[in-house]
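Listed in order, the protein sequences are those of chains A and B. Using our numbering, read the first sequence as starting at 1 and increasing by one per residue. Using our numbering, read the second sequence as starting at 1 and increasing by one per residue.
Heads up, a few of these hints could be off.
Quick list of in silico lysine-lysine cross-link-like pairs, BS3-like style, CA-CA up to 30 Å [unchecked claim]:
| no. | chain 1 | residue 1 | chain 2 | residue 2 |
| --- | --- | --- | --- | --- |
| 1 | B | K100 | A | K144 |
| 2 | B | K202 | A | K119 |
| 3 | B | K288 | B | K38 |
| 4 | A | K144 | B | K288 |
Label-pair restraints from in silico Cβ distances [claimed, not checked]:
| no. | chain 1 | residue 1 | chain 2 | residue 2 | range |
| --- | --- | --- | --- | --- | --- |
| 5 | B | Q284 | A | Q92 | 25 to 35 Å |
| 6 | B | V158 | A | S89 | 30 to 40 Å |
| 7 | A | E124 | B | Q34 | 36 to 46 Å |
| 8 | B | K100 | A | A16 | 25 to 35 Å |
| 9 | B | E162 | A | E44 | 30 to 40 Å |
Think of the hints as simulated: they come from the structure by calculation, not from any bench. Glycine included, every Cβ here is placed at the ideal spot set by N, Cα and C.
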Amino acid sequence: MSTMQISFKLNGEDVAVEIAANTLLVDLLREELGLTGTKTGCREGECGACTVLVDGEPFNSCLLPAMKADGRQVTTIEGLGDDEGAVESIQQAFMDMGAAQCGFCTPGMILTAKSLLDKNPAPEEAEIRQALTGVLCRCTGYRKIVQAVQAVAQHNGGEVTS
Amino acid sequence: MSPAFHELHWARDIEVSEYLMPSSLEEALAMLAQRQGKARVIAGGTDVVPELRRRDYQAETLVDISRLPDMDGIAQEGGDIVMGPLVTHAQAADSDLIQKKAGALAAGCLAVGSPQIRNVATLGGNLVSGQPAADASVPLLALEAQVTIASGEGERQVPLREFFVSVGETVLDPGREILTQIRFPALGEGQGSSYQRLSKRKALTLPMLVCAVVVSADAAEGVINNAAVALGPVAPVPFRESQTEAFLAGAKASREILVQAAETATAQCTPRDSLLRGSCDYRQEMVKVLVRRGLASALRQAGCTLD
């Protein structure tokens with residue numbers, strides 16, 4: 001098995017790692033780099049628990065050979081907020097609204113919502129629901145998750161339509 | 001181990017020993033040629049990675065074409081729309097040109113998977129995977145697309161009608177050849193297209209049925225000049241319903257005609273009874289509904305009023 005050197009920006013910091021040819025990004029993040037905030041769910045692109053942002057867009061890291069990260073900017077849930085405990089507004093909103101139960105989908109939900117809000121600071125409910133279709137939550141019924149994103153949208157000047 | 005067990009418990013990892021990232025088409029084709037069928041092309045990877053985990057086929061080497069230059073463009077050249085194979089479903093769904101001049105394709109691309117899948121899954125991959133339910137392939141078939149296929153020996157053009165061979169199989173050899181271009185006539189005045197999909201949920205689900213329609217009509221006379229009706233997954237490959245198309249050519253556009261046309265649409269449909277996709281009988285009936293809706297919507301876009 002041949003190995004390859006790749007380098008990319010991970011949560012704002014340069015990393016260079018040696019990977020095997022068959023390494024998937026989710027396994028590189030969790031097992032080599034110790035970032036277990038990214039979850040492994042179905043490993044086939046159905047559940048979105050493994051969602052990370054690549055150049056700001058959401059991707060299923062379980063379907064991405066790690067080679068594809070070479071030269072890109074990857075953001076995982078660990079990249080949000082800072083070491084002093086400050087969190088981003090979308091994270092705060094999830095806490096305020098109680099938008100998590102078991103928490104397994106939460107990193108994927110928050111990153112997907114962040115990607116939406118970065119492009120569209122005040123999305124409408126339909127846009128929020130559409131953006132979140134790629135992450136499955138089996139606990140909450142989505143209502144509070146959507147409300148959390150709406151709270152940020154409202155704070156950013158959007159109207160809550162429902 | 002029973003087949004059902006195998007189906008539910010794929011291998012955790014993919015098995016490849018070499019992963020290559022060529023920077024030109026020539027380099028990619030040379031890599032494939034050197035490995036004599038033991039390499040396979042990967043683009044977005046949303047099909048290839050699960051297929052490798054399922055051990056559907058073996059590949060010692062993956063040749064990743066996702067960074068080949070000039071393969072992710074969407075442009076109009078004369079009367080044609082020309083797309084690179086690396087155009088993603090997200091890119092096609094968002095494209096003004098595709099929305100305006102190939103509406104059924106934009107709608108089909110938006111129906112695929114989730115934003116996460118659409119951000120990486122490519123149109124070339126949707127075609128080469130050769131799945132009868134492929135949401136981009138069915139509208140491309142209705143749009144009279146043709147593809148360019150390159151290998152070490154040269155290039156060939158293949159109309160999409162001759163491209164699909166069987167479930168998961170096309171005329172393209174994924175160990176030797178690369179799809180390099182998708183081309184089809186842009187829709188204009190007096191034309192319309194529609195994409196109809198039946199699925200269990202609104203998102204993240206494979207379709208039970210897909211129907212893409214493209215029509216050209218003389219709106220003033222209320223006459224359908226011609227209609228293209230493509231269907232999936234009701235046979236091993238996506239296909240054009242020639243009987244319905246023949247019935248509609250030159251017909252007066254009316255609701256009654258569309259009902260009659262829809263009745264002819266199941267001639268080549270042989271859907272299996274499927275727990276996932278519904279019974280054969282149900283889908284045969286629903287094909288008619290989707291064809292009728294698709295024709296009505298496309299004809300309205302073409303400027304026809306239906307009474």
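Status of each hint after checking the structure:
1. B:K100 x A:K144: violated, 37 Å
2. B:K202 x A:K119: Answer holds: B:K202 to A:K119 is near 23 Å, not above 30 Å.
3. B:K288 x B:K38: violated, 44 Å
4. A:K144 x B:K288: violated, 40 Å
5. B:Q284 x A:Q92: 25 to 35 Å: violated, 53 Å
6. B:V158 x A:S89: 30 to 40 Å: Violated: the Cβ-Cβ distance is about 51 Å, outside 30 to 40 Å.
7. A:E124 x B:Q34: 36 to 46 Å: violated, 53 Å
8. B:K100 x A:A16: 25 to 35 Å: Taking Cβ atoms as reference, B:K100 and A:A16 lie about 45 Å apart, which means the hint is violated.
9. B:E162 x A:E44: 30 to 40 Å: holds, 31 Å
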